[in-house]
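S.K.: These protein sequence lines map, in sequence, to chains Z and U.
Position 13 of the first sequence, counted from 1, bears residue number 13 in the UniProt record's numbering, the numbering being contiguous throughout.
Position 55 of the second sequence, counted from 1, bears residue number 55 in the UniProt record's numbering, the numbering being contiguous throughout.
There may be inaccurate statements among the hints.
No farther apart than 30 Å at their CA atoms in a straight line, the calculated lysine-lysine pairs in the DSSO-like style are these [as the list claims (entries may be wrong)]:
{"#": "1", "chain 1": "Z", "residue 1": "K35", "chain 2": "U", "residue 2": "K31"}
{"#": "2", "chain 1": "U", "residue 1": "K31", "chain 2": "U", "residue 2": "K101"}
{"#": "3", "chain 1": "Z", "residue 1": "K34", "chain 2": "U", "residue 2": "K78"}
{"#": "4", "chain 1": "Z", "residue 1": "K133", "chain 2": "Z", "residue 2": "K103"}
{"#": "5", "chain 1": "U", "residue 1": "K88", "chain 2": "U", "residue 2": "K101"}
{"#": "6", "chain 1": "U", "residue 1": "K64", "chain 2": "U", "residue 2": "K101"}
{"#": "7", "chain 1": "Z", "residue 1": "K49", "chain 2": "U", "residue 2": "K75"}
{"#": "8", "chain 1": "U", "residue 1": "K88", "chain 2": "Z", "residue 2": "K35"}
{"#": "9", "chain 1": "Z", "residue 1": "K175", "chain 2": "Z", "residue 2": "K210"}
{"#": "10", "chain 1": "U", "residue 1": "K75", "chain 2": "Z", "residue 2": "K34"}
{"#": "11", "chain 1": "U", "residue 1": "K111", "chain 2": "U", "residue 2": "K64"}
{"#": "12", "chain 1": "U", "residue 1": "K78", "chain 2": "Z", "residue 2": "K79"}
{"#": "13", "chain 1": "Z", "residue 1": "K47", "chain 2": "U", "residue 2": "K21"}
{"#": "14", "chain 1": "U", "residue 1": "K88", "chain 2": "U", "residue 2": "K78"}
{"#": "15", "chain 1": "Z", "residue 1": "K123", "chain 2": "U", "residue 2": "K141"}
{"#": "16", "chain 1": "Z", "residue 1": "K210", "chain 2": "Z", "residue 2": "K47"}
{"#": "17", "chain 1": "Z", "residue 1": "K35", "chain 2": "U", "residue 2": "K122"}
{"#": "18", "chain 1": "U", "residue 1": "K141", "chain 2": "U", "residue 2": "K122"}
{"#": "19", "chain 1": "Z", "residue 1": "K47", "chain 2": "Z", "residue 2": "K79"}
{"#": "20", "chain 1": "U", "residue 1": "K75", "chain 2": "U", "residue 2": "K88"}
{"#": "21", "chain 1": "Z", "residue 1": "K34", "chain 2": "U", "residue 2": "K150"}
{"#": "22", "chain 1": "U", "residue 1": "K171", "chain 2": "Z", "residue 2": "K34"}
{"#": "23", "chain 1": "Z", "residue 1": "K35", "chain 2": "U", "residue 2": "K78"}
{"#": "24", "chain 1": "Z", "residue 1": "K168", "chain 2": "Z", "residue 2": "K146"}
{"#": "25", "chain 1": "U", "residue 1": "K122", "chain 2": "Z", "residue 2": "K34"}
{"#": "26", "chain 1": "Z", "residue 1": "K49", "chain 2": "Z", "residue 2": "K146"}
{"#": "27", "chain 1": "Z", "residue 1": "K49", "chain 2": "U", "residue 2": "K78"}
{"#": "28", "chain 1": "U", "residue 1": "K21", "chain 2": "Z", "residue 2": "K35"}
{"#": "29", "chain 1": "Z", "residue 1": "K185", "chain 2": "Z", "residue 2": "K133"}
{"#": "30", "chain 1": "Z", "residue 1": "K100", "chain 2": "U", "residue 2": "K78"}
{"#": "31", "chain 1": "U", "residue 1": "K21", "chain 2": "U", "residue 2": "K75"}
{"#": "32", "chain 1": "Z", "residue 1": "K185", "chain 2": "Z", "residue 2": "K225"}
{"#": "33", "chain 1": "U", "residue 1": "K150", "chain 2": "Z", "residue 2": "K123"}
{"#": "34", "chain 1": "U", "residue 1": "K101", "chain 2": "U", "residue 2": "K21"}
{"#": "35", "chain 1": "Z", "residue 1": "K47", "chain 2": "U", "residue 2": "K75"}
{"#": "36", "chain 1": "U", "residue 1": "K78", "chain 2": "U", "residue 2": "K111"}
{"#": "37", "chain 1": "Z", "residue 1": "K100", "chain 2": "U", "residue 2": "K122"}
Now the in silico label distances, taken between C-beta atoms and shown as ranges [said to hold, decoys possible]:
{"#": "38", "chain 1": "Z", "residue 1": "N314", "chain 2": "U", "residue 2": "V94", "range": "51 to 59 Å"}
{"#": "39", "chain 1": "Z", "residue 1": "Y169", "chain 2": "U", "residue 2": "Q154", "range": "39 to 47 Å"}
{"#": "40", "chain 1": "U", "residue 1": "D95", "chain 2": "Z", "residue 2": "N3", "range": "25 to 33 Å"}
Note that these hints are calculated values from the structure, not bench results.
Beta carbons are placed, not taken as given, at the ideal position from N, Cα and C, and that holds for glycine.
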Amino acid sequence: MGNVPFLLFPILVIQEVLNIMTPFELVNLSMSSKKTRNIIMHFFAGKSKYILLISVAEDYGVTLQNGWNEWQYLINTEKSEERKANALEGLPYTAEETFKISKNPMEDFFQLCGYIQTLFACKINALHFEMDKFPLQNQTIINFLKTRQNSFECFEIYSETGSDRDLKYLLENLKTDRFLTVVSKIDDDFEVELPENLEDLSIRCARFVKFEQLLRLKSQRISLKSSSLTPREINAFLRSWMSAESHSNLEFFMIAINIETANEILLDIPHEIEDEMEVRAFEYENVIRHVRGGVTIKRIDGRSARIVHHLHLNSTYMQMYIY
Amino acid sequence: MSVENAPVVDVDEAAIPVEKKMYYRFESNDKKEFRVSELAIQQSETLNRLVEAMGYTSEDVENKPAIAIENIDGKTLKLVFQWCEHHKGEAIPVDDGSVPKIVEIPEFDAKLMDIDNGLLFKLIWAADYLNIVQLLNVSCKKVANMAQGKTPAQLRRVYLLPSDEEDEAAKRAAQEAQDPRAREVEEEFEERKRQGGNSFF
C-alpha cells in the first residue's frame with residue numbers, strides 16, 4: 001500500500017476521515033505529530049460524543065464509550081492468563097481492547113487518562129474502583145481523579161477486605177452526582193457523609209447507616225443490603241415518608257430486615273393489605289419489577305407505596321415501591 | 001455492474017446513447033470529454049445545481065460547448081462519472097450522527113478505488129469539490145482504513161505526516177524567508193521572553 005498526503009486534503013475531508021476512525025486510530029494518529037494532535041483536539045472540542053470510564057480493577061482501564069460501543073485501554077505489568085483467554089468476539093456491538101504492558105502502570109494510567117480526556121474533550125463519567133487491587137495506591141488514584149474534575153456521574157466501589165479509610169477518603173474528596181454503589185466490607189462504626197441527592201444509592205454493608213443519616217438521604221432509589229436499623233426506626237422512617245417530612249423524591253427503597261420482627265415495622269401505621277394473586281409491575285431505570293401482595297401505605301400528598309418482603313440468599317428485605 | 005461496463009466513455013470512443021434521456025457533456029482540464037446522464041449528475045450537488053441553473057435543452061447540450069470542469073483531470077473525472085452512473089437514482093445519504101461514522105464500501109466502489117494512492121487523492125479532492133456525498137464517504141473510509149492497526153510511527157509514513165522536528169524546520173525556513181527586519185524583531189521578542197520579560201516595550 002502506498003501513501004496519501006493526509007494533511008493536504010481539504011479540511012472537510014480530514015474531518016470526514018477523523019469521523020470514521022475509531023478512538024484507537026485517533027489516539028495513534030494524534031501521537032504521530034503535534035499537528036495531527038491539534039487537528040483532532042480541534043475536531044472534538046465542544047462536541048465530543050464519547051464518555052470516559054475509568055476502572056481500577058485487575059488492570060488499570062481507560063474506556064471510551066459511545067452508546068453500546070466501547071474501546072478500552074488496559075494497563076498492567078503483565079497480561080493475566082484469564083484475560084489472554086478472553087476474546088471480545090461475536091458481540092452485537094463494538095467492543096475492542098488494547099493492552100499495554102508497563103513497568104509503572106499507575107503513572108501510565110494517569111498519563112493516558114489525562115491525554116485521552118484532553119484529546120476527546122470528554123468528561124470522566126464513571127469510576128469502577130476495586131480497592132483491594134492496588135491498596136497502597138488508592139489515595140494517590142483518588143488525588144489524581146480529583147485533579148481531573150470536580151464531579152462524576154457514577155461510582156462503583158468494591159472491596160472484599162474492607163478499605164474504610166480509603167472509602168472515606170474517596171467520598172470526602174470526590175463527588176458523584178447520580179449513582180453510588182458500594183460493595184465493600186464496612187465497619188459498623190464507620191462515619192462518613194453519604195452523597196444525599198443521587199438517583200441511585202446502593203450499599204451492601206450498610207450497618208453503619210444510622211437512622212438520622214437515613215433521614216438526610218434524598219436519593220431517588222436507596223438500597224441498604226444490610227442494616228442495623230431496628231423495626232422501630234424503620235417504622236419511624238415510614239411515618240416520616242407518609243407525613244412528607246423526608247424522602248420526597250424517593251421512588252424505591254430496600255432495606256435488610258429481621259424476618260422475626262418484620263411485623264413490628266408496620267405497627268400502628270395505616271395500611272391496606274393487597275391481593276396475593278394480583279401482580280403489579282413497577283419500572284425504574286428501564287428495569288421492570290413484578291410485585292405480588294404486600295401492603296400499601298399512603299403519603300399525605302396522595303402518593304402511595306407498595307411494601308413487600310423479598311427473600312434473597314437467606315436474607316429478608318423490605319422493598320418499598322413508590323407510585 | 002462492473003467498473004469496465006459503467007456507461008461513462010470518452011466521447012470519441014463510444015457511440016452516443018440512443019435513449020431519449022438527457023446526457024450532459026463535461027470537459028476535464030486536459031480536454032477529455034464525457035457524456036453523463038441527468039440522473040447520474042444528481043449524485044453531485046455541485047453539478048446538479050450547475051446544470052439546473054444553465055437550463056439546457058437537448059439541443060443546447062449538443063450544440064453548446066461541453067461544460068468545463070477546470071480543476072479535475074480526465075482520469076479522475078472518468079472515475080467520478082463511472083461512480084455516478086453506477087449509483088444513479090440512489091438516495092443521497094444523510095449523516096445519522098453516529099460516531100465513529102459507519103460506512104460500508106460496496107464491491108463496485110472497492111474495485112473502482114483499487115487505484116494508486118495518487119489517483120485516490122485526486123478522486124477524494126474531486127468528490128469534495130463536486131460535493132458527491134456518498135463517494136466522499138466511501139473514499140474517506142478507504143483512507144481511514146489505512147490507519148487500522150498502525151502505530152504512530154507507521155501512521156506518519158502512511159499519511160506522509162511530517163515529524164515535529166520537520167515541522168519546526170519548515171517553520172524556521174519560512175521565518176528565514178521573511179523580511180530580515182521582521183525576523184530580527186521576532187528574534188528579539190523571543191529573547192525577551194526567554195529573559196522573563198512579558199512585554200516587548
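S.K.: Sort out which numbered hints this structure fails and list those numbers smallest first.
M.R.: 1, 2, 3, 6, 7, 8, 10, 11, 12, 13, 16, 19, 23, 27, 28, 30, 34, 35, 37
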